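These protein sequence lines map, in sequence, to chains C and A. Letter 246 of the first sequence, counting from 1, is numbered 246 in my numbering, and no numbers are missing. Offset between the second sequence (1-based) and my numbering: plus 307.
Watch out, some of these pointers could steer you wrong.
Said to hold, decoys possible - Footprint (simulated), chain C over chain A, 3 or more residues, beta carbon under 8 angstroms:
#1 414-423
#2 638-649
As the list claims (entries may be wrong) - When the alpha-carbon atoms are kept at most 27 angstroms apart in a straight line, the in silico DSSO-like pairs for lysine-lysine are as follows:
#3 A:K416 with C:K248
#4 A:K703 with A:K459
#5 A:K416 with C:K59
#6 C:K87 with C:K295
#7 C:K80 with A:K583
#8 C:K144 with A:K627
#9 A:K627 with A:K703
These are computed hints drawn from the structure, not numbers from a lab. Every value quoted in this text rests on a predicted model; they were computed, and no experiment measured them. The C-beta atom is built at its ideal place from N, Cα and C for all residues, glycine as well.
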Amino acid sequence: MKNTLATTKSYSFKKFMNSNNTVGHIFAAPFIFGFICFSLIPILTSFYYSFTDYSLGSKEAVFVGIRNFAKLLTDEVFVKSLVVTLKYVFISVPLKLAFALFVAFLLTRKSRLVTVYRSLYYVPSLVGGSIAVALVWKQLFARKGLFNAVLTDMGLGTINWFGDETLALYPLILMSVWQFGSSMIIFAAGLKEIPVSYYEAAKIDGANGFQTFFKITLPCLSPIILYNLVMQTISAFMAFTQAFVITKGGPNNGTMMYALYVYNQAFKYNDMGYACAMSWVMLVVMSIITLVIFKTSKMWVFSEAGD
Amino acid sequence: MKKKLLAVLLSASMLLSLTACGGSTEQAAAPAQDAATEEVVPAEEAAAPAEEAAAPAEETAEPITLRMAWWGSQERHDRTVKVIEMYEAENPNVDIEYEFYSFDDYFTKLKTLVASDQVWDVFQLGGNFPEYMDKIYFMNEFIDSGVVNTEKISDAYLKITQDTAGNQIGLSNGLNTYGIAYDVDMFNAAGVPLPTSTWTWDDYADAARKIAEATGHYGSSCFANNDEFIAGCSTFIGQQGTVGQYGFFNLELTDLGFDDPNMLVPYIQMRADLIKEGASPDAGAAMEVTNIENDFLVTGEAAMAWIAVNQFPTIYDICKAEGRNLALATIPRATADGPAGSVIQSSQMLCVSQDSEHKEAAAAFISWFQNSTDCNSVLQGERGIPINSDVLATLKGNASEGQQIMYDYVDLVGTFETPEKINVLSPAGQDLVVDQYNTYMHQVAAGELTAEDAAQKTFDAAKDIFAQ
Numbered sequence: 001m002k003n004t005l006a007t008t009k010s011y012s013f014k015k016f017m018n019s020n021n022t023v024g025h026i027f028a029a030p031f032i033f034g035f036i037c038f039s040l041i042p043i044l045t046s047f048y049y050s051f052t053d054y055s056l057g058s059k060e061a062v063f064v065g066i067r068n069f070a071k072l073l074t075d076e077v078f079v080k081s082l083v084v085t086l087k088y089v090f091i092s093v094p095l096k097l098a099f100a101l102f103v104a105f106l107l108t109r110k111s112r113l114v115t116v117y118r119s120l121y122y123v124p125s126l127v128g129g130s131i132a133v134a135l136v137w138k139q140l141f142a143r144k145g146l147f148n149a150v151l152t153d154m155g156l157g158t159i160n161w162f163g164d165e166t167l168a169l170y171p172l173i174l175m176s177v178w179q180f181g182s183s184m185i186i187f188a189a190g191l192k193e194i195p196v197s198y199y200e201a202a203k204i205d206g207a208n209g210f211q212t213f214f215k216i217t218l219p220c221l222s223p224i225i226l227y228n229l230v231m232q233t234i235s236a237f238m239a240f241t242q243a244f245v246i247t248k249g250g251p252n253n254g255t256m257m258y259a260l261y262v263y264n265q266a267f268k269y270n271d272m273g274y275a276c277a278m279s280w281v282m283l284v285v286m287s288i289i290t291l292v293i294f295k296t297s298k299m300w301v302f303s304e305a306g307d
Numbered sequence: 308m309k310k311k312l313l314a315v316l317l318s319a320s321m322l323l324s325l326t327a328c329g330g331s332t333e334q335a336a337a338p339a340q341d342a343a344t345e346e347v348v349p350a351e352e353a354a355a356p357a358e359e360a361a362a363p364a365e366e367t368a369e370p371i372t373l374r375m376a377w378w379g380s381q382e383r384h385d386r387t388v389k390v391i392e393m394y395e396a397e398n399p400n401v402d403i404e405y406e407f408y409s410f411d412d413y414f415t416k417l418k419t420l421v422a423s424d425q426v427w428d429v430f431q432l433g434g435n436f437p438e439y440m441d442k443i444y445f446m447n448e449f450i451d452s453g454v455v456n457t458e459k460i461s462d463a464y465l466k467i468t469q470d471t472a473g474n475q476i477g478l479s480n481g482l483n484t485y486g487i488a489y490d491v492d493m494f495n496a497a498g499v500p501l502p503t504s505t506w507t508w509d510d511y512a513d514a515a516r517k518i519a520e521a522t523g524h525y526g527s528s529c530f531a532n533n534d535e536f537i538a539g540c541s542t543f544i545g546q547q548g549t550v551g552q553y554g555f556f557n558l559e560l561t562d563l564g565f566d567d568p569n570m571l572v573p574y575i576q577m578r579a580d581l582i583k584e585g586a587s588p589d590a591g592a593a594m595e596v597t598n599i600e601n602d603f604l605v606t607g608e609a610a611m612a613w614i615a616v617n618q619f620p621t622i623y624d625i626c627k628a629e630g631r632n633l634a635l636a637t638i639p640r641a642t643a644d645g646p647a648g649s650v651i652q653s654s655q656m657l658c659v660s661q662d663s664e665h666k667e668a669a670a671a672f673i674s675w676f677q678n679s680t681d682c683n684s685v686l687q688g689e690r691g692i693p694i695n696s697d698v699l700a701t702l703k704g705n706a707s708e709g710q711q712i713m714y715d716y717v718d719l720v721g722t723f724e725t726p727e728k729i730n731v732l733s734p735a736g737q738d739l740v741v742d743q744y745n746t747y748m749h750q751v752a753a754g755e756l757t758a759e760d761a762a763q764k765t766f767d768a769a770k771d772i773f774a775q
């Protein structure tokens with residue numbers, strides 16, 4: 001009797017271990033652990049802190065209600081950082097996607113060197129977030145940097161890139177556009193998925209290059225464009241490194257990216273509670289914009305199912 | 308099917324990136340955790356304290372790991388690393404793990420360490436120490452027990468790093484004061500008279516304009532980091548009225564030391580005008596200066612720069628090597644017969660941390676750092692003029708040209724009439740005011756604000772520190 005129980009037990013344990021559910025959970029455990037510890041818990045704590053006067057040095061956080069959120073409304077720099085960030089997103093994302101699509105399109109042609117080119121164009125994305133590249137960028141656009149040297153040689157006079165509030169954002173935008181690699185790879189994969197038969201049929205019907213691009217390539221690629229658009233928009237909102245390294249937000253807060261201002265409040269001005277409140281406002285802003293993109297996507301994203 | 312998959316992919320990736328955003332403020336706190344892993348080897352923690360008293364001298368003593376950090380220029384990093392190696396050679400049981408940063412990064416890192424109770428055993432602080440008071444372990448007991456040797460340090464010099472209750476917050480790395488370093492040849496080339504010890508801000512502005520006109524370079528470099536604020540707000544306010552009548556903050560650090568925002572107007576107007584006219588760098592150009600070694604004065608693109616005088620020998624040598632000739636002038640005054648506004652103060656100090664497992668060993672190191680002639684022969688007073696009289700005598704004995712100018716200058720400033728009590732400290736929250744002040748000043752330069760508005764806004768922002 002006992003014996004049978006033991007066998008059933010070990011049998012059921014074995015069965016339990018071998019079930020898809022268990023295996024799945026075990027393999028997912030590292031991610032779940034990381035997600036809970038390094039994302040979920042900090043997110044919840046930051047939500048709590050946004051209603052307190054917590055600062056890094058202080059050991060306790062005093063509940064202050066919505067004071068932090070109310071303060072945002074009167075904070076000039078906050079408003080400016082929001083405007084600057086929106087400007088950055090609305091200019092850099094479309095440019096970056098257009099450029100990524102263009103290069104991806106060029107690289108679909110059948111050539112043995114295509115993989116080499118693709119890797120080369122991808123490199124800026126790999127090093128893109130790094131301090132080193134931002135420092136190089138700073139030198140390139142400096143008063144006596146490469147670009148101004150070239151301009152002077154052409155007899156055009158120098159441009160004060162980072163000294164002029166209205167100009168300073170553009171080198172940063174350019175740097176983001178330059179890092180088009182990851183969108184390009186996704187576009188390239190998408191382009192490959194489009195059946196060759198469509199193009200052949202179009203050719204037989206006498207369509208020219210522009211027509212095939214706008215009538216076949218773009219519609220077939222629209223789900224991918226949507227994906228890239230959403231991803232790049234979100235990451236553009238979080239841009240930090242360029243502004244932090246190159247301009248520190250200046251001149252006159254003309255490049256004060258939202259993430260940089262959050263960082264300053266949290267670590268420089270020692271007001272973590274306020275910084276948390278700002279983060280949550282950003283979450284709401286980003287969610288709204290993402291939602292708008294999804295809602296409008298019905299009008300331009302083509303699906304093969306035809307609904 | 309494809310569409311469904313894409314939708315899932317989309318929402319998953321969105322969730323990820325959104326959460327990444329929400330968590331971003333928390334993420335940055337992560338570096339603090341690095342420090343935790345570097346923590347001292349646990350085994351000896353329990354046994355060590357009793358033996359530490361004699362530790363530095365004994366070869367057989369328990370191994371001790373001290374963590375130390377400072378901010379500064381490359382010159383300082385090189386010299387400090389060298390003396391740390393010397394100390395480790397003399398005390399084989401002590402292992403010092405060091406980190407160095409630029410000024411801003413140092414305090415960002417320090418704030419994360421404060422939050423996680425992991426402040427370095429030995430750390431450097433300046434006039435902004437009140438913000439970190441909770442993390443400072445007073446050195447009184449080490450001075451009493453003789454671990455810290457103060458024989459050759461006068462009481463007056465010990466006092467500059469004491470709080471009002473007489474607690475020894477740290478040992479000063481040296482004395483310091485501000486000055487204007489200038490390029491003699493550029494002054495002469497532009498036909499501008501050299502600064503005198505009673506020159507005024509008007510003379511300064513005139514010189515800057517004329518030099519800019521004559522040479523095409525900046526008349527005066529930017530005032531890096533917090534220095535525009537120190538020059539403009541702290542010093543300029545201190546120069547008003549009679550000696551000691553005004554200060555930007557009051558002596559108790561509980562409120563501002565002046566009531567009339569308009570007192571700031573002339574300075575803001577003058578600096579903004581210089582920037583607008585191209586006689587001083589604009590915000591973009593100012594970003595190119597990351598430390599004193601690439602200041603426009605040093606690169607030959609400006610005739611004057613506001614410096615802390617401990618930086619002078621370094622830049623003097625660099626310029627000398629290029630055949631250029633630097634000199635030091637006193638800070639311009641508001642009026643020629645008014646207060647000088649400059650004061651000799653502690654440049655910075657080394658403190659023992661409350662979080663330290665080896666407070667005594669840390670104090671012993673600090674004592675050696677300030678008192679050892681060998682050590683200071685390497686450091687060469689780069690952090691300020693040494694407070695130990697023997698060390699100072701040795702250094703003065705073989706001073707380089709640049710150092711001699713610095714010593715003479717400090718002696719000169721020492722003859723100025725100074726108020727009995729002066730506040731050179733900065734309250735917590737000053738960083739925000741400094742940034743706001745700089746923004747307002749550049750807005751004046753850009754014509755977006757009047758100097759009066761900028762002064763009022765700066766005043767209000769500073770008042771806010773004490774409002775809460």
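>> For the stretch 414-423 of chain A, count the residues whose Cβ lies under 8 angstroms from any Cβ of chain C; is that count three or more?
In response: It holds, with 6 qualifying residues against the three required.
> Quick one, are C:K144 and A:K627 close enough, alpha carbons at most 27 angstroms?
Replying inline: holds, 24 angstroms
>> Using a Cβ cutoff of 8 angstroms, are there at least 3 residues of the stretch 638-649 of chain A near chain C, or does the coverage claim fail?
In response: violated (count 0)
>> Between the alpha carbons of A:K416 and C:K248, is the straight-line distance 27 angstroms or under?
In response: Status holds; Cα separation ~17 angstroms.
>> Holds or violated: A:K416 and C:K59, Cα atoms, limit 27 angstroms.
In response: holds, 17 angstroms
>> Checking one constraint from the list: CA of A:K627 to CA of A:K703, max 27 angstroms. Satisfied?
In response: holds, 20 angstroms
> Is it true that the CA of C:K80 sits at most 27 angstroms from the CA of A:K583?
Replying inline: With Cα atoms ~23 angstroms apart, C:K80 and A:K583 stay inside 27 angstroms; holds.
>> Hinted pair, alpha-carbon criterion (27 angstroms max): A:K703, A:K459. Please report holds or violated.
In response: Between A:K703 and A:K459 the Cα gap is close to 16 angstroms, so the pair holds against 27 angstroms.
> Taking only the CA atoms, is the gap from C:K87 to C:K295 under or equal to 27 angstroms?
Replying inline: Judged against 27 angstroms, a Cα distance of about 22 angstroms means the pair holds.
Checked against the numbered hints given earlier, the structure breaks only hint 2 and satisfies all the rest.
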